[in-house]
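Those protein sequence lines, which keep their order, are chains A and B. Going by this note's numbering, the first residue of the first sequence is number 1, and it counts up by one from there. Going by this note's numbering, the first residue of the second sequence is number 1, and it counts up by one from there.
Bear in mind the hints are in silico, worked out from the structure with no lab data behind them. Glycine included, each C-beta is placed from N, C-alpha and C at the ideal position. Hints may contain errors.
[Claimed, not checked] Here's a subset of chain B near chain A, in silico, CB distances under 10 Å, partners left out:
(1) Leu-117
(2) Pro-121
(3) Ile-309
(4) Leu-328
[As the list claims (entries may be wrong)] Some chain B residues near chain A, calculated using beta-carbon distances under 7 Å:
(5) Leu-40
(6) Ile-140
(7) Leu-226
(8) Val-227
(9) Leu-261
(10) Val-268
(11) Leu-300
(12) Leu-307
(13) Val-308
(14) Leu-312
The lines below spell out each chain.
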Amino acid sequence: MGALILQQTINALTVGSIYALIALGYTMVYGVLRLINFAHSELFTAGAFIGLALAGALGVAGHPTGGLLVGFITFVIIGLAGVSVEIVAYRPLRGTSRLAPMLSALGMAVVIQNAVMLIGGRRPLIYPSFLPSGVIDVFGAIITYKQITIFLVAVILMVALELFVNRTNLGVRIRAVAENAETASLVGINPNMAISLIFFIGPGLGAVAGILYSSFYGVATFTMGFVIGMKAFTAAILGGIGSIPGAVLGGFLLGFIETFATAWMPVLTGGLIGTEYRDIFAFSVLVLILLFRPAGLLGEHVSEETIVYKSDF
Amino acid sequence: MENPARRASTPPVAATRKLWPGALAMLAVPVLLLIVGPHLPAYPLRILDMILLYAILGLGLNIIVGYAGLLDLGYVAFYAIGAYSWALLASGQFDIHLPFALVLLTGASLAGFAGILLGIPVLRLRGDYLAIVTLGFGEIIRVLMNNLDGVTNGPQGIARIDEAHLFGWTLSTPDDFLYLLVGMLVVVFLFVWRIQASALGTALSAVREDQDAARGCGINTTRVKLVAFAFSAFIGGACGVVFAAMQRFVSPESFTFWESLVIVLVIVVGGLGNPFGALLGATLLILLPELLRAYADYRLLFYGMALVIIILARPRGLIARQFGPSWLMRRLGGGKC
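Based on the provided sequences and hints, a complete structural model is requested.
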């Protein structure tokens, strides 16, 4: 029993790490632009595919150190892609209405997903693992090196982001723009610069998550972004959208809720609710959290005004 | 003191305005469809049917999104409830074979009821949060359809659904559905247009523009939003029943999040809150992928690009809100507006 719970905890931490990394991208963009960036989940997929292509080009498939290099280059490529998406599809629509950028984001999601399909093919691709192999046995629970690596990479990136946002000059600018873009521009901060930076970091982190995810499951499909993206978005809401620590907390929490609910619900309900309801748990959490605590766990209290479309609808 | 000059410049509106030119202009479209439609070959006719279906869905969703300003990203759930009503109540699945007219009413009512049930808890939310909860609701309905194997037959869906009969008229060919859909379109169009012009419509636009001010004016905001939700869901459910009768096969595949988005896009591209917009949007969004069919794999890529370009060019939609049916009536009716 103890080993089982430990095992599920490890699994939850692995899934949670990936949710958290993607959730960061959603939450940062939302924090500044109040925009659900639907293209984010497709950039996650694109990241996994670019990682795969780079591995082939550099001949480093299966090497953890090569994986580091691939991860870095992919981060930069997808980061630049994110910046371009913002400049092309969102920036011209800033200040028009709340709905237009969101639908433009959807259009971009379709474009990116199909571009990935055209280049990578419709069929699921076997993904070489960039993660070290091997297992350790802790009190009967089997922990793979892959899981440890995913967790460590995620934690390192999150700590780096936290330090960047809180301790550097650029980070202060980002926070200032997130707080109030107009006031920030009064004190000489260029909001476009901060927004571009966010669209570099967020998708970059998502791309790394894509490589980790595909390495872990050994497969990449062009449609894999949608459900993962939805869940990561749930995680961002759960933690409090706009809050960086919130996205991390929400990611891990969702990992735990999903893993444990999937494992125990069939037992508790005598098989009535089976593991196939996995996705429902995530969405039920989403609905419940929005009903009872719309600001999320760590989100500052959002006044209704900030989330209302008002007459710009 | 009355100012005679002012009085002379504003003659009583009703005296100079005629209703028939506007009414004729609007009637021309369905009449034209009924004349031309049946002569079309099967494939374009099918597309025309789909355009009409999405136009009706768009008109329905417009009540929530366009009039009340509440973004619903899970509209497909109501559509699915309607479709599964016909699939379950008129097929061999449970060996129930109810008449089409009854199921049309039942399915639409069930969807309307689901709308109220969903609305009661979620209408406290606004803006993006409401959008996300409705999205979650849509997904939950789809996962349920996928997994309640005993009822919905899971991912395989339900095939061999009965042929629909409406008061002795058999609905089997695309022609039959064209008549049905044109009829529905006219009814729904008149309904949503008159809602917009009614006290309820005014209350809904007040809620859209400023909910707190609306409440201050004595509008029961929760109630008008619930009514909007119920009407919208009712229309979505009715479309679902027709869809299932037309395809004679339903599976969860047809009710993905993507479907909800297409319906939202129909009204946003066409022009939010404008019934004409829904018609134009549906025409574009259904026709576009068909026109791009020649590009095979590139089809969706171009489709996505076209969407982004249309939205960038016309962020508020192709037809602005004020140029609706009431405007057309005034315009063609002469007199001052």
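Each hint tested on the structure:
Look at Leu-117(B): its Cβ only gets to about 13 Å from chain A, farther than 10 Å, so that hint breaks. For Pro-121(B), the interface hint holds, since its Cβ comes within 10 Å of a Cβ in chain A; the closest pair sits about 6 Å apart. At about 8 Å, the closest approach between the beta carbon of Ile-309(B) and any beta carbon in chain A falls short of 10 Å, and the interface hint on this residue holds. The closest approach between the C-beta of Leu-328(B) and any C-beta of chain A is roughly 23 Å, which is over the 10 Å cut-off, so the hint fails.
Violation of the interface hint for Leu-40(B) is found here, the shortest Cβ-Cβ separation to chain A being roughly 29 Å, above the 7 Å cut-off. The closest approach between the C-beta of Ile-140(B) and any C-beta of chain A is roughly 5 Å, which is under the 7 Å cut-off, so the hint is satisfied. Taking 7 Å as the C-beta cut-off, the interface hint given for Leu-226(B) is violated, the closest approach to chain A being about 16 Å. Using the Cβ-Cβ criterion of 7 Å, the hint placing Val-227(B) at the interface with chain A is not satisfied: the shortest such distance is roughly 19 Å.
This hint holds: Leu-261(B) has a C-beta 6 Å from the nearest C-beta of chain A, less than the 7 Å allowed. Nearest Cβ of chain A to the Cβ of Val-268(B): about 5 Å, under the 7 Å cut. The hint holds. The closest approach between the C-beta of Leu-300(B) and any C-beta of chain A is roughly 5 Å, which is under the 7 Å cut-off, so the hint is satisfied. Contact between Leu-307(B) and chain A, as hinted, is supported at the beta carbon level, the nearest pair being about 4 Å apart and thus within 7 Å.
Below 7 Å, beta-carbon pairs count as interface contacts, and Val-308(B) has one with chain A at about 4 Å; its hint therefore holds. About 6 Å separates the beta-carbon of Leu-312(B) from the nearest beta-carbon of chain A, less than 7 Å, and the hint is met.
Hint check: violations occur at hints 1, 4, 5, 7 and 8; the rest are consistent with the structure.
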